[in-house]
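Novice: Spelled out, the chains give:
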Amino acid sequence: AQSVTQPDIHITVSEGASLELRCNYSYGATPYLFWYVQSPGQGLQLLLKYFSGDTLVQGIKGFEAEFKRSQSSFNLRKPSVHWSDAAEYFCAVGQSYNTDKLIFGTGTRLQVFP
Amino acid sequence: DVKVTQSSRYLVKRTGEKVFLECVQDMDHENMFWYRQDPGLGLRLIYFSYDVKMKEKGDIPEGYSVSREKKERFSLILESASTNQTSMYLCASSLSGTGGNYEQYFGPGTRLTVT
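Chains as they are written, first to last, in this note's numbering: chain A, 1 to 114; chain B, 115 to 229.
Do not rely on the hints blindly, as some may be mistaken.
As the list claims (entries may be wrong) - Simulated coverage check for chain A against chain B, where a stretch passes if three residues somewhere in it have a Cβ under 8 Å from a Cβ of chain B:
| # | stretch |
| --- | --- |
| 1 | 40-49 |
| 2 | 101-112 |
Said to hold, decoys possible - Only pairs whose alpha carbons sit at most 25 Å apart, straight line, appear in this in silico BS3-like list of lysine-lysine:
| # | chain 1 | residue 1 | chain 2 | residue 2 |
| --- | --- | --- | --- | --- |
| 3 | A | Lys49 | A | Lys68 |
| 4 | A | Lys49 | B | Lys117 |
| 5 | B | Lys132 | B | Lys185 |
| 6 | B | Lys117 | A | Lys61 |
| 7 | B | Lys171 | B | Lys184 |
| 8 | A | Lys49 | A | Lys61 |
If you are wondering where the hints come from, they were derived from the structure by calculation, not from laboratory data. Positions of the beta carbon are idealized from the N, C-alpha and C atoms, including for glycine.
Let the hints inform the model, and build the full structure from the sequences given.
Specialist: So, in structure tokens, the structure goes:
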């Protein structure tokens, strides 16, 4: 069965530092991959998505992610973190070709220190 | 601007009560979803609807039922609320695709407390 792993439960960075959030998936074919962000008390907002083509995907708020098939990874990056980026981040993968359901990781909580 | 709305942000109910959570989307999406979010467990799918009156069980359907009588509205029903159903409930919608190739749009969530 497909699965998504976010190995880091909680990450703390200083404002202005670079950020990388890890996501690993298991899927037999080329997956549909997503990163969502959830600010406190809010629903989830899409940051970016990968379906095919260029393996480096640009998203909103200065985020990018790179699809690496050989490592089954889709890590989220940002070169310089802002205090407003403090939130919870979820990676998700399309479950299979015959359903529109997604599988979500357990999330990574990002804390930003000034 | 696309929108998914949920009937309540916060809800407090007593054990044994019947609870209705409503979700409305204005994007004419075929798919609608109900998730439960708990710390450390991420989002778990309760039910999925891919068309009016059509539904599919998710990973944790026990203790829940759903109703979709109109395309824009998807209701989650707790037949007899229990304390272990205290959680954040998120509704989402998406276009119908081929294997999740369309993003899901989320509502703001309902934080339900059962006492």
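Novice: Next step is simple, just say for each hint if it's right about the structure.
Specialist: Structure-based check of all given hints:
| no. | hint | verdict |
| --- | --- | --- |
| 1 | 40-49 | holds (count 7) |
| 2 | 101-112 | holds (count 6) |
| 3 | A/Lys49 with A/Lys68 | holds (14 Å) |
| 4 | A/Lys49 with B/Lys117 | holds (19 Å) |
| 5 | B/Lys132 with B/Lys185 | holds (23 Å) |
| 6 | B/Lys117 with A/Lys61 | holds (20 Å) |
| 7 | B/Lys171 with B/Lys184 | holds (19 Å) |
| 8 | A/Lys49 with A/Lys61 | holds (14 Å) |
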